[in-house]
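Residues per chain are reported as follows:
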Amino acid sequence: MPARWFASIAAALMASSAAAAPTPPPAAAPQDDGNWAMPAKNYASTRFSELTEITSDNVAKLQVAATFSTGALRGHEAAPIVFGDTMYVVTPFPNRVFALDLTKPGLPAKWSYDPKPVPAAQGIACCDVVNRGAQYYDGAIYFATLDGQAIALDAATGAERWRVKLGDINKGETITMAPLVVKGKVLVGNSGGEYGVRGWLTALDAKTGAQVWRAYSTGPDKDVLIGPKFAPFYPAEKGQDLGVKTWPPEAWRIGGGTMWGWISFDPELNLIYHGTANPGPWNPEQRPGDNKWTGGIFARDADTGEARWFYQSVPHDLFDHDAINELVLLDAQIDGKPRKVLVRPERNGFLYVIDRTSGEVLSADAYSHVNSTLGIDLKSGRPIHNPEKEPKLGQVVRDICPTAPGAKDWNPSAYSPQTGLLYIPHINLCMNWESLEANYIAGTPYVGANTVSFAGPGGNRGEFLAWDIVQRKPAWSVKEDLPLWSGALATAGNLVFYGTLDGVFKALDARTGELKWQFKTGSGIVGQPISYRGPDGRQYIAILSGVGGWMGAIVSGELDARDPTAALGVANAVKDLPQRTTKGGMLYVFALPR
Amino acid sequence: MHSIGEAMGVHAQHIDALWHAMLWVCGIMYVLVLGFLGLAILRRGRRRDEREVVHAQDERGLSMTLVAWTGLIVAGLFGLTLFSYFTDRALVQAASQPQINLKITGYQWWWQVEYVDPDPSRSVKTANEIHLPVGAQVSATLASQDVIHSFWVPNLHGKQDLIPGRDNDIRLQPTQAGTYLGICAEFCGLQHSKMHLDVIVESQEAYNAWYERQLQSAPPPTEPLAQRGQQVFMSSACNMCHAISGTDASASVGPDLSHVASRRSLAAGALPNDADSLFAWISNPQAIKPGSRMPIVPLSEHDLEALTAYLRTLQ
Amino acid sequence: MRRATGYGRRATVRSRSLLPVAVATVVALAACHRENRHFTAPPGTELSPPQQSMSGLVAGGESVEFRKQQGKEYEGNAYHMGEGKRLFQWFNCSGCHANGGGGSGPALMDDRWIYGGEIDEIYLTIVQGRPNGMPAFGGKIPSQQIWQLAAYVRSMGGHGPKSARPGRDDHMQRDSEQGRRDQPINPAAPPSSTD
Chain A
1 MPARWFASIA
11 AALMASSAAA
21 APTPPPAAAP
31 QDDGNWAMPA
41 KNYASTRFSE
51 LTEITSDNVA
61 KLQVAATFST
71 GALRGHEAAP
81 IVFGDTMYVV
91 TPFPNRVFAL
101 DLTKPGLPAK
111 WSYDPKPVPA
121 AQGIACCDVV
131 NRGAQYYDGA
141 IYFATLDGQA
151 IALDAATGAE
161 RWRVKLGDIN
171 KGETITMAPL
181 VVKGKVLVGN
191 SGGEYGVRGW
201 LTALDAKTGA
211 QVWRAYSTGP
221 DKDVLIGPKF
231 APFYPAEKGQ
241 DLGVKTWPPE
251 AWRIGGGTMW
261 GWISFDPELN
271 LIYHGTANPG
281 PWNPEQRPGD
291 NKWTGGIFAR
301 DADTGEARWF
311 YQSVPHDLFD
321 HDAINELVLL
331 DAQIDGKPRK
341 VLVRPERNGF
351 LYVIDRTSGE
361 VLSADAYSHV
371 NSTLGIDLKS
381 GRPIHNPEKE
391 PKLGQVVRDI
401 CPTAPGAKDW
411 NPSAYSPQTG
421 LLYIPHINLC
431 MNWESLEANY
441 IAGTPYVGAN
451 TVSFAGPGGN
461 RGEFLAWDIV
471 QRKPAWSVKE
481 DLPLWSGALA
491 TAGNLVFYGT
501 LDGVFKALDA
511 RTGELKWQFK
521 TGSGIVGQPI
531 SYRGPDGRQY
541 IAILSGVGGW
551 MGAIVSGELD
561 ARDPTAALGV
571 ANAVKDLPQR
581 TTKGGMLYVF
591 ALPR
Chain B
1 MHSIGEAMGV
11 HAQHIDALWH
21 AMLWVCGIMY
31 VLVLGFLGLA
41 ILRRGRRRDE
51 REVVHAQDER
61 GLSMTLVAWT
71 GLIVAGLFGL
81 TLFSYFTDRA
91 LVQAASQPQI
101 NLKITGYQWW
111 WQVEYVDPDP
121 SRSVKTANEI
131 HLPVGAQVSA
141 TLASQDVIHS
151 FWVPNLHGKQ
161 DLIPGRDNDI
171 RLQPTQAGTY
181 LGICAEFCGL
191 QHSKMHLDVI
201 VESQEAYNAW
211 YERQLQSAPP
221 PTEPLAQRGQ
231 QVFMSSACNM
241 CHAISGTDAS
251 ASVGPDLSHV
261 ASRRSLAAGA
271 LPNDADSLFA
281 WISNPQAIKP
291 GSRMPIVPLS
301 EHDLEALTAY
311 LRTLQ
Chain C
1 MRRATGYGRR
11 ATVRSRSLLP
21 VAVATVVALA
31 ACHRENRHFT
41 APPGTELSPP
51 QQSMSGLVAG
61 GESVEFRKQQ
71 GKEYEGNAYH
81 MGEGKRLFQW
91 FNCSGCHANG
101 GGGSGPALMD
111 DRWIYGGEID
121 EIYLTIVQGR
131 PNGMPAFGGK
141 IPSQQIWQLA
151 AYVRSMGGHG
161 PKSARPGRDD
171 HMQRDSEQGR
181 RDQPINPAAP
191 PSSTD
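Chains as they are written, first to last, in the working numbering: chain A, 1 to 594; chain B, 1 to 315; chain C, 1 to 195.
To be clear, the hints were calculated from the coordinates, so they are not data collected in a lab. Any given hint could turn out to be false.
Unchecked claim - Sample of chain C residues facing chain B (criterion: CB under 7 Å; computed from the structure):
#1 His38
#2 Phe39
#3 Thr40
#4 Trp90
#5 Lys140
#6 Pro142
Unchecked claim - To give a feel for the contact side, a few chain C residues facing chain A, derived at Cβ under 10 Å:
#7 Pro131
#8 Gly133
#9 Pro135
#10 Arg168
#11 His171
What the hints assert, rightly or not - Below 30 Å or equal to it, Euclidean Cα-Cα: the simulated DSS-like pairs (lysine-lysine) are:
#12 A:Lys245 <-> A:Lys110
#13 A:Lys245 <-> B:Lys125
#14 A:Lys392 <-> B:Lys159
#15 B:Lys103 <-> A:Lys392
#16 B:Lys194 <-> B:Lys159
#17 B:Lys125 <-> A:Lys222
#18 C:Lys140 <-> B:Lys125
#19 B:Lys125 <-> A:Lys389
#20 C:Lys140 <-> A:Lys165
#21 A:Lys104 <-> A:Lys389
#22 B:Lys103 <-> A:Lys389
#23 A:Lys61 <-> A:Lys389
Even glycine gets a Cβ: it sits at the ideal position worked out from N, Cα and C.
Given only the sequences and the hints, what does the whole structure look like? Please build it.
As structure tokens, then:
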């Protein structure tokens, strides 16, 4: 009797707390059809699977169902894509695409496609020659290559439908991001903020590849697609041609603000949301001014690309804190009122909840140890810098937290509407920074800083954090020895999945954080886990294993950590990684035993 | 160009006044000392054969003279100390509300001059030359990219070091129009003696016109030889170190060449700014300033002429 | 007063004063080449290496005379090594190769050379570029400067004489010996994490 009462009270409590938990807007996060057609799972970027076959009770029995070697040995940052009975995998350079037949045991490749990107592009990839995945849309697969091409393939046969060259390697441009296809337009952004590249986001027609619009991140308003409909919330973003005025003369042409990260889409508001990366060079004294429109979040009209609002997370960025992380779209009750928000764990260590209709910052709480910014002033929206941690030319500034890769880099978090928690795989590193004069030579790095990174307070270099969006504080966290560079996956079976830099793929209880299952894969994990329903109706979990990316470059690039500034300072933080993992390139698919 | 001895700025005037005071005071004392010495020699000569008799009046006269002499020394030193103190105060208080902010960075062996404007898109970068309006209060931040240099424009102020890793500053306030010489006053390497800088003080209108011209890029070349010169600039070693606004060349380790033809001199004062000197400099900089950071770039005679023609269009 | 000096004593004094003079002369002459400053390349050094092998495999036998001459001229000269260090920052070599540890480009301080680690092979790599991402700098940097860079790169791996290498500078400590290694690395030993 008492047990049943207890159970029903517990259920009622959980139901009421679930009612208070933010939910993604249904238009942006439709019912789970068992596919995983884009890396973010849906346009709201929840990375949440509604499949319930694998639960926290039975996950201990999870085992390998199939493996597939990609043949590449650099960082595998992609999410495998599943639509129907095919899985699509994009490898790091040379960016081969494999279509795996999920109906046959062992997942043999139905077709493969080799885009043959120019090998010289490897010389201008700052952070390993990665690729973050493809998208399935309307019978085609869309992806980009390192040498700046966007390609559409027929999903069934692998035949090339079109390919367009968007970037010029002699200007330092590459593409590593996963394009997002929205309303028949393929959104592609460039990389190269460390090479003096001028950032842009381009929309191509999904059927023909013709350019529909291009929005630059710096320069005159007409290039940035800022027009009469532009209505930013904060006064600092208001003005004419701020993309020119907030830079020294001509500096905006080589100013960065690339778009190599994540895009979300709200079909009801018809707005796409994306960030812009760091301004160039890293040495801030060479570019006085706010450096618009780098380091911030744009909301743009999904049809024309016209900007609606902009919020700059890092005006006059000091620490290479790109603002291109994932943006999770949620409808939440804030101060008793329903608000349409987007949630982003930002690189500068603050978790932003921003009204996605207006660009107003509703809250910004530190989710990691931060000493370089004292707080975010919600009235002006601007961060309050710590003057002791500002870089100075010719001097070494020590113990700046978070480090240049930030409290969390590109690797995306996942949101569970069941628990109301945002699962953030992040980093706990600090750095010493010395500014130097950067010399611009096209096609070579334009940085101007020596940095050395090392473990932050506590000694754990990574942390998997479950953040309660309503309470605005952590619910639980798991400290990791190595920095976390993989994405997260949340499922309705009360599970969250992520992988460590030395290759351990883990499943945790979504409510409590208790480790329920783990599996040591062949190489470090820097990819994005997914979950899908196979043709046989069963639930599968898939992850790519193959260490690399910026954090794993010491292994994938065979670097020498006796120079602590190697890999832009990061090699020093993971000096022990070569002893713990070697290069690899393997797809793992897991399922419960039959 | 004015003689460096003339004080053309507020600070230089204060320093000049102190210098003159010291000259007069010390000069008078010097003459007196020599006078007494001469007297002593003469008197001793006259009395050599007499026995020295010291009379009471002589002794009193002597002690009075000594007291007066000591008093004179004390007054002189005290006066100079006070003067020096007040000059120091005047130097600090002059140009206390700067209207123009410069950032001067010393390189081996040239000066980078940046005009820092609160609107960053209106800042100007040039090399080896400073323009100022008459009467302007100027604050210059001094930094160094490599070794210790020292900024000295004798017509305007004293010396101030440029120390790597540290920002120093100096205030200037020119009072008369003219062209003044600036030099590096701290031995900084092989070409320390050829690290000059021109300070051109002009009317406010002329300065404004100059400033606005610096903000614009030079128009693209129209003559075929100059166009070829621009191609040579972009395709050979030039754009690895130099920037020209309005083109893709944005390197910053060498002097900014956006308006090089409008400057008074070349190579930090080593050469006059004319076509022959420019040609000679580009074809063999090591012959003019051996050890300078600009290497010899092997180019054909025709390409060198084209380059010279192009750079001469950058007014 | 005259001192009594024996014939033998005078002879000893002469030979004793000769020895330090001789030592000083030898030392001075040895330092001559190291401290010479050649601001213009002597005509011979404008030439490209006679063999252009990336791998060290040359049909018909390799001539190493040119390589030895360049090594002596540049690796043994303090001015050239210092210039090489400056140019390494100026031309953004450190942007891809860090201060020897690598980044988007491979490490230069270890002894794994994809395209050859001799001074003329490094020279050619910088001049010609390489397929997997090394840009070509020939025609953009004059030859003498590229030899200076090649010599400095060699010194990062511990090759060449120590005496002419640039000293520690007032920058962020980049490794225990500012990127210099006393000996080339033993390829069999895994990179140590404590150095």
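These are the hints, each one checked on the structure:
no.: 1; hint: His38; result: violated (10 Å)
no.: 2; hint: Phe39; result: holds (4 Å)
no.: 3; hint: Thr40; result: holds (5 Å)
no.: 4; hint: Trp90; result: holds (5 Å)
no.: 5; hint: Lys140; result: holds (5 Å)
no.: 6; hint: Pro142; result: holds (5 Å)
no.: 7; hint: Pro131; result: holds (5 Å)
no.: 8; hint: Gly133; result: holds (2 Å)
no.: 9; hint: Pro135; result: holds (6 Å)
no.: 10; hint: Arg168; result: violated (14 Å)
no.: 11; hint: His171; result: holds (6 Å)
no.: 12; hint: A:Lys245 <-> A:Lys110; result: violated (53 Å)
no.: 13; hint: A:Lys245 <-> B:Lys125; result: holds (16 Å)
no.: 14; hint: A:Lys392 <-> B:Lys159; result: holds (25 Å)
no.: 15; hint: B:Lys103 <-> A:Lys392; result: holds (15 Å)
no.: 16; hint: B:Lys194 <-> B:Lys159; result: holds (17 Å)
no.: 17; hint: B:Lys125 <-> A:Lys222; result: holds (27 Å)
no.: 18; hint: C:Lys140 <-> B:Lys125; result: holds (24 Å)
no.: 19; hint: B:Lys125 <-> A:Lys389; result: holds (27 Å)
no.: 20; hint: C:Lys140 <-> A:Lys165; result: holds (27 Å)
no.: 21; hint: A:Lys104 <-> A:Lys389; result: violated (57 Å)
no.: 22; hint: B:Lys103 <-> A:Lys389; result: holds (22 Å)
no.: 23; hint: A:Lys61 <-> A:Lys389; result: violated (49 Å)
Hints 1, 10, 12, 21 and 23 from the list above are not met by this structure, while the remaining hints are.
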